[in-house]
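Asker: Model the placement of chain Z on the given structure of chain U, informed by the hints.
Number of protein chains: 2
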Amino acid sequence: MEVKIVAGIDIGGTNTKYGLVNENGKVLIHDSLPTKKFPNAEKFVASITKIILSEAQKIEGAELQGIGIGSPNGNYYSGTIGFAPNLPWKGVIPMAKLFMDAAHLPVALTNDAKAATIGEMIFGGAKNMKHFYFITLGTGLGSGIVVDGKIVYGHDGFAGEMGHTIVYENGRQCGCGRRGCLEQYCSATGITRTYLEIIDQSVKKLSIPREEVSSKFIYEKFRRGEIAAKQAFEFTGHVLGIALANACCYTSPEAIFLFGGLTLSGDAIFKPVRKSFRKNILNVYKGKTKILPSALPENEAGILGAASLMWNELKKYGK
Amino acid sequence: MEVKIVAGIDIGGTNTKYGLVNENGKVLIHDSLPTKKFPNAEKFVASITKIILSEAQKIEGAELQGIGIGSPNGNYYSGTIGFAPNLPWKGVIPMAKLFMDAAHLPVALTNDAKAATIGEMIFGGAKNMKHFYFITLGTGLGSGIVVDGKIVYGHDGFAGEMGHTIVYENGRQCGCGRRGCLEQYCSATGITRTYLEIIDQSVKKLSIPREEVSSKFIYEKFRRGEIAAKQAFEFTGHVLGIALANACCYTSPEAIFLFGGLTLSGDAIFKPVRKSFRKNILNVYKGKTKILPSALPENEAGILGAASLMWNELKKYGK
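Protein chains in written order, with the numbering used here: chain U, 2 to 320; chain Z, 2 to 320.
Hints may be right or wrong, so weigh each one.
To be verified - Chain U regions said to be covered by chain Z (calculated; three or more residues, Cβ under 8 Å):
{"no.": "1", "region": "33 to 40"}
{"no.": "2", "region": "166 to 174"}
{"no.": "3", "region": "177 to 186"}
{"no.": "4", "region": "204 to 218"}
{"no.": "5", "region": "240 to 247"}
{"no.": "6", "region": "250 to 256"}
To be clear, the hints were calculated from the coordinates, so they are not data collected in a lab.
For each residue, glycine too, the CB sits at the ideal point set by N, CA and C.
Pulled out of the complex, with its shape left as it was, chain U reads as follows:
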């Protein structure tokens, strides 16, 4: 029996995850490689292509239809990765073309947050939804916007940078060079900054070095009833709730999905977000938009997202 499959590649600064995914979103095989091991993108592409083609052959009746790629700074229109600070290769990498030349298959590329957004739409909680936001709360805050059932790329392919909307003028310094960006408040990095500020203003002393404080550590403290940790979650939820209420004023979505490290804290983060959202939402939207945890499995989301980008392309062309 013929089994149509696509490859999903999730390029990260440390590791690149890859896998083969069928039409139902089942990850048939998956593995990873250390990204930094490869001195240039050509060798990286050659190695991954070789593995993918060989693994696909081992699956009985499998027909590899194409390759989907999610990457930091990936651009859907150009198929390139441009100036990604966390990747080992400098300048603009024509990543989609490199894979096309190596594998002789259709290839689509976008940034990691947009790939995961398409994953949510095709295989996750947003099936049948035409309008939604997908927000990743990891080191930064990534986002994908779906309007009328399609991901929004914008005129240059770089739409969906909600993490860099300025929420506090002259606020916290952001890696982008400006101040007050949302991701400096609402992300694993953001809650850590908030927590350390709260600790610094209190008589409390940290039990570990400052550099080791993480969102996971803060959640542990929260579970043990620590006031500072509770305040950190409250403030993070407060800021994110306003930001999401504002986001509704743009595209009026049916739902907003939250994903990533910080959401593993469950109610600790969802409760204050929903409370602030309800308080700050414009009347006309009241009670209409759900704030939900992503239905994508944390460990496979990158591969699933990248694969779903390709499935989505194939669907467009009726394959």
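Answerer: Frame of chain U; chain Z shown alone:
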């Protein structure tokens, strides 16, 4: 010779403007009626339909194709006008259906800002643009968002309320019941509030009663070199520049069009907006997005917008 035309109706709290518009966006005839004169929507619809049908008959060879309507609180999906505080008719008015029953023609309805946005896309400065924002700076701040060449309605038809994004927590009281909404800073109302605050904090005295201060008055003062007026425009531009830079993080538009009373001040408002926008835009978007005055004629924009909504519908169905 056959001339295809549509009717455009721009419902306002004081007056309702209507006109007949050809495929090139030429307003062939236009006039207005006092909205409040009509005790109920049925009589309003009957009067306007009668006039429109009779005027259309007077144009040689004219074939009336349909009726487009722009209205405060208009909803495209349902064709209704719901709880519009400035209209004389209460509750939810099935306005599109009323016109359809009276005129036996296709009818489309949306809110006034979205109608003007489609006007900009079809007959104005956004021809051939796939991604742009349209912002009206009048009594409030209205907005329309175009993504992939289509206006964004959202899941409920109420997308595009940028005027009600919260820009200052616990900021100025807004008519929507919340605080700190963008339209309380960036609109004719907003600049007036800012100007009065500046005057109140200075030793200067107003030459007219507070209630008579308008954006036009402030612009007159600006032209005479008054510092307070200059500061009011600077602050308004500063806030709007940040808001527009943030908007780019959502859909990455090619251009942002500004329209409405406040833009009649020309460089007095455009200069500080552009300065703040350039300063606050994320690096990846730098130099890509133009901030432009709307190309719609101020006095015909409402009719043109409503008519273009109908032209756009007819195009969809290949008429």
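Asker: Now tell me if each hint is right for this structure.
Answerer: How the hints compare with the structure:
1. Here's how the region 33 to 40 of chain U fares: 0 of its residues keep a CB closer than 8 Å to some CB of chain Z, so the rule of at least three is not met and the hint is violated.
2. With 3 residues carrying a beta carbon less than 8 Å from a beta carbon of chain Z, the region 166 to 174 of chain U meets the three-residue requirement, and the given coverage holds.
3. Closer than 8 Å: that is the beta-carbon criterion, and the region 177 to 186 of chain U has 3 residues meeting it against chain Z, so the requirement of 3 holds.
4. For the region 204 to 218 of chain U, the stated coverage by chain Z is violated: 0 residues have a C-beta nearer than 8 Å to a C-beta of that chain, whereas at least 3 were required.
5. Judged by the Cβ-Cβ criterion of 8 Å, the region 240 to 247 of chain U is covered by chain Z as claimed, because 3 of its residues qualify and three suffice.
6. Here's how the region 250 to 256 of chain U fares: 6 of its residues keep a CB closer than 8 Å to some CB of chain Z, so the rule of at least three is met and the hint holds.
The earlier numbered hints that this structure contradicts are 1, 4.
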